[in-house]
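Listed in order, the protein sequences are those of chains D and B.
Everything in the first sequence is counted per my numbering, starting at 1 for the first residue and increasing by one.
Everything in the second sequence is counted per my numbering, starting at 327 for the first residue and increasing by one.
Please keep in mind that the hints were generated in silico from the structure rather than gathered at the bench.
Here a beta-carbon is modelled for each residue, glycine too, at the ideal position from N, C-alpha and C.
Some clues are possibly wrong.
Below, simulated PhoX-like cross-link-like pairs (lysine-lysine); rule was C-alpha separation at most 25 angstroms, straight line [claimed, not checked]:
#: 1; chain 1: D; residue 1: Lys19; chain 2: D; residue 2: Lys218
#: 2; chain 1: D; residue 1: Lys221; chain 2: D; residue 2: Lys19
#: 3; chain 1: B; residue 1: Lys522; chain 2: B; residue 2: Lys576
#: 4; chain 1: B; residue 1: Lys576; chain 2: D; residue 2: Lys76
#: 5; chain 1: D; residue 1: Lys19; chain 2: B; residue 2: Lys489
#: 6; chain 1: D; residue 1: Lys80; chain 2: B; residue 2: Lys576
#: 7; chain 1: D; residue 1: Lys251; chain 2: D; residue 2: Lys218
#: 8; chain 1: B; residue 1: Lys540; chain 2: B; residue 2: Lys522
#: 9; chain 1: B; residue 1: Lys576; chain 2: D; residue 2: Lys19
#: 10; chain 1: D; residue 1: Lys80; chain 2: D; residue 2: Lys19
#: 11; chain 1: D; residue 1: Lys19; chain 2: D; residue 2: Lys220
Beyond 10 angstroms from chain D on every Cβ pair, some chain B residues (computed) [stated by the list, open to error]:
#: 12; residue: Ala334
#: 13; residue: Arg341
#: 14; residue: Leu348
#: 15; residue: Leu356
#: 16; residue: Thr358
#: 17; residue: Ala366
#: 18; residue: Ser374
#: 19; residue: Leu453
#: 20; residue: Leu520
#: 21; residue: Arg534
#: 22; residue: Arg554
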Amino acid sequence: MNLRNQIAVRVAQLVKSYKPDSPNAVDGISFEIESGTVFGLLGPNGAGKTTTIKMILGLVLPTNGNVQLAGFDVAKDRNKALRHAGAILEGSRNVYWRLSARANLEYFGALRGMRGKSLADRITQVLDTVQLSDRSNEEVRYLSRGMQQKVALATAILHEPDVLLLDEPTLGLDVQASRTIEHVIRKFVEEQGKAVLLTTHQMDLAERLSDRIFVIHKGKKVEEGETGDVIARFGGQRETMEIQLAAIADKNILDPILNNFPGLSTASEGDKTVLTWMDTGSQKEFLDLLNLLDANNFTILHAGRRAATLEEVFLNLTSEKSEPPK
Amino acid sequence: MNIAMVGAEFQRTARLARSYWLEYISDLVLYTLGFLLLIAVFRAASASYGPQGYLSTLIGYTTWKICASVLVDIARIASEEAHTGTLEQLFLSNLNPGLVFLGRSLGIVVNHGVRGAILALILASILGVFQPVTLPAILVFALTLAGAGGLGFALAGLALVYKRIGGTLQLLWQMLVFFTGALAPIQNIYLDALSKTLPLTWGIICLRELIINKATITTLWQNGILIRLLINTAFYLFIGGVLFTWGQRKARELGVLAHY
């Protein structure tokens, strides 16, 4: 089924309460995912992302609300809806470790009603897509974490679903494996017009891949929109200044300086130190900071203004001071 | 459930068996030696214990070994796969989870069936009590197995919700060997009453009648043993269906399909 430009997933007023006396894990969220797009569902740990994905797949039953997957109501037609969905679930093995990648694909393919030559051809194709053809007969337990995740991805796309739900698909993977998964997601969306729901804590990945983002915090929607718009809306209100120092700074000297400038954060990047200032004060304060650094013999490689990143916007949206709307 | 799915389960079971070959051989050696030790103890305890006694014990022992293993494995796999995370992937297939589990159970039956048959063959050959397997015996055994599978499904349903059922399975494993008359007749009136409610008991009685006393299915039907086996099996299948359906719904309601 080609669902291009159609609504692949529709979530309406979704609520999940695990315990009556505890706050709702998911609290009345609604969104739609169009085919041909990547939808980034972002939030800190415990925000309700995994519960939302599992409710979309019918693995967790909602307390209230409705989910439609590929036009099917998941509560009523779960089996039909699932024909159109594939998923990688976070923290799970997803596949059998004592079977080879190929045997896993044969098994899950059969469960999906695939058989014979069409299944064999499709297995060859997906193994090639995830770059695992040469290791396909090894038991999954002997593969690296990145390769295991590629097997999980191959299993998820084997039956050519219209919607792919990926919960932390690149967690713990090296750069190469992450890039392969990113490439497969792009191909799936751009060439095949399918839809992807992605959760990740890697904001750079979310920013590169997501057409739209939905920020969830404590079960509630905090913000939703096209990725660029959200960054512009929430990052554009602030001057983000970045100062790059030539070496790893001595904390004993740097920390007293940082204390004088609220909103200033520091990070190490290789053998350099990067100071980021989102809530920049006046130009005078910025110059004061530069002078102070210079006076303490720090070598300033670069200082300037730059656009806010999704990570900075995300941190701002989900910080404790910015509680979700009641 | 379709043929392709059952085929896939058999293939998966066979592939996993290759991975666990050492465990299977150890199991075979352990249960062979265990049975021979048991026979030695029974012989020492009673001078009249002879080949007919060996055969009677062998029927109970093999039935228990296969059926109890199937029962325990069905329940254990629900708990184990929830722990590893593959259970959710099974629930993501567009088939009814109960049917997926039924397919899985057939794989388990074949696995334990083959291993049990090899064990029985070795023991019967050692003791010189080999008997041909008849169709009525196969049918009665299948009914006994179905009852055990029903209880396995019931426990799998509970495992989906309550997770840690290892202790319960261990207890049940022991109960089924000692309280079903699998090894020796039960003398105590209360224990005898308990044994008649368990799966396996009526099946073992029927199998002994068929194999040792050369009874026919008609005789079993007329003396009421077979109907009791049917009722017992139907009861456990019903309980299994109800509890598994409840368990998988409750686990999805609580969001614990993948939790351990």
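Each hint tested on the structure:
Proposed proximity of Lys19 (chain D) and Lys218 (chain D) is supported: the alpha carbons are some 15 angstroms apart, at most 25 angstroms. Distance hint between Lys221 (chain D) and Lys19 (chain D) is fulfilled; the C-alpha atoms sit about 20 angstroms from each other, no more than 25 angstroms. Of the supplied pair hints, the one linking Lys522 (chain B) and Lys576 (chain B) is violated, its CA atoms being roughly 31 angstroms apart against a limit of 25 angstroms. Between the alpha carbons of Lys576 (chain B) and Lys76 (chain D) the distance comes to roughly 17 angstroms, so the proposed pair stays at or under 25 angstroms and holds.
For a cut-off of 25 angstroms, the pair hint linking Lys19 (chain D) to Lys489 (chain B) stands: about 19 angstroms separates their Cα positions. Only pairs whose Cα atoms come within 25 angstroms are accepted, and Lys80 (chain D) paired with Lys576 (chain B) is accepted, the gap being roughly 21 angstroms. This hinted pair does not check out: Lys251 (chain D) and Lys218 (chain D) have alpha carbons roughly 34 angstroms apart, beyond 25 angstroms. Simply put, Lys540 (chain B) and Lys522 (chain B) have alpha-carbon atoms about 22 angstroms apart, close enough for the 25 angstroms limit, and the pair holds.
For the hint linking Lys576 (chain B) to Lys19 (chain D), the alpha-carbon distance of about 13 angstroms falls within 25 angstroms, and the restraint holds. Straight-line distance between C-alpha atoms of Lys80 (chain D) and Lys19 (chain D) comes to about 30 angstroms, which puts the hinted pair past the 25 angstroms bound. Note on Lys19 (chain D) and Lys220 (chain D): the hinted pairing holds, with a Cα-Cα distance of about 17 angstroms set against a maximum of 25 angstroms. Consistency note on Ala334 (chain B): stated as away from chain D, yet its beta-carbon is not over 10 angstroms from all of that chain's, at 3 angstroms minimum.
Chain D draws Arg341 (chain B) into its interface by the beta-carbon criterion, the shortest separation being 5 angstroms against a cut-off of 10 angstroms. With a least CB separation of 13 angstroms from chain D, Leu348 (chain B) remains clear of the 10 angstroms interface cut-off, as annotated. Look at Leu356 (chain B): its CB is around 22 angstroms from the nearest CB on chain D, clear of 10 angstroms, so calling it non-interface holds up. The claim that Thr358 (chain B) is not at the interface with chain D holds, since no C-beta of that chain comes within 10 angstroms of its own (minimum 26 angstroms).
At roughly 37 angstroms from the closest C-beta of chain D, the C-beta of Ala366 (chain B) stays outside 10 angstroms, upholding its exclusion from the interface. The beta carbon of Ser374 (chain B) sits about 48 angstroms from the closest Cβ of chain D, which is more than 10 angstroms, so the claim that it is off the interface holds. Residue-level check passed: Leu453 (chain B) sits 36 angstroms from the nearest beta carbon of chain D, beyond 10 angstroms. Non-interface status of Leu520 (chain B) relative to chain D is upheld: no Cβ of that chain comes within 10 angstroms, the nearest being about 38 angstroms off.
The beta carbon of Arg534 (chain B) is kept farther than 10 angstroms from every beta carbon of chain D, the shortest such distance being approximately 38 angstroms. Its beta-carbon lying about 38 angstroms from the closest one in chain D, Arg554 (chain B) satisfies the requirement of being farther than 10 angstroms from that chain.
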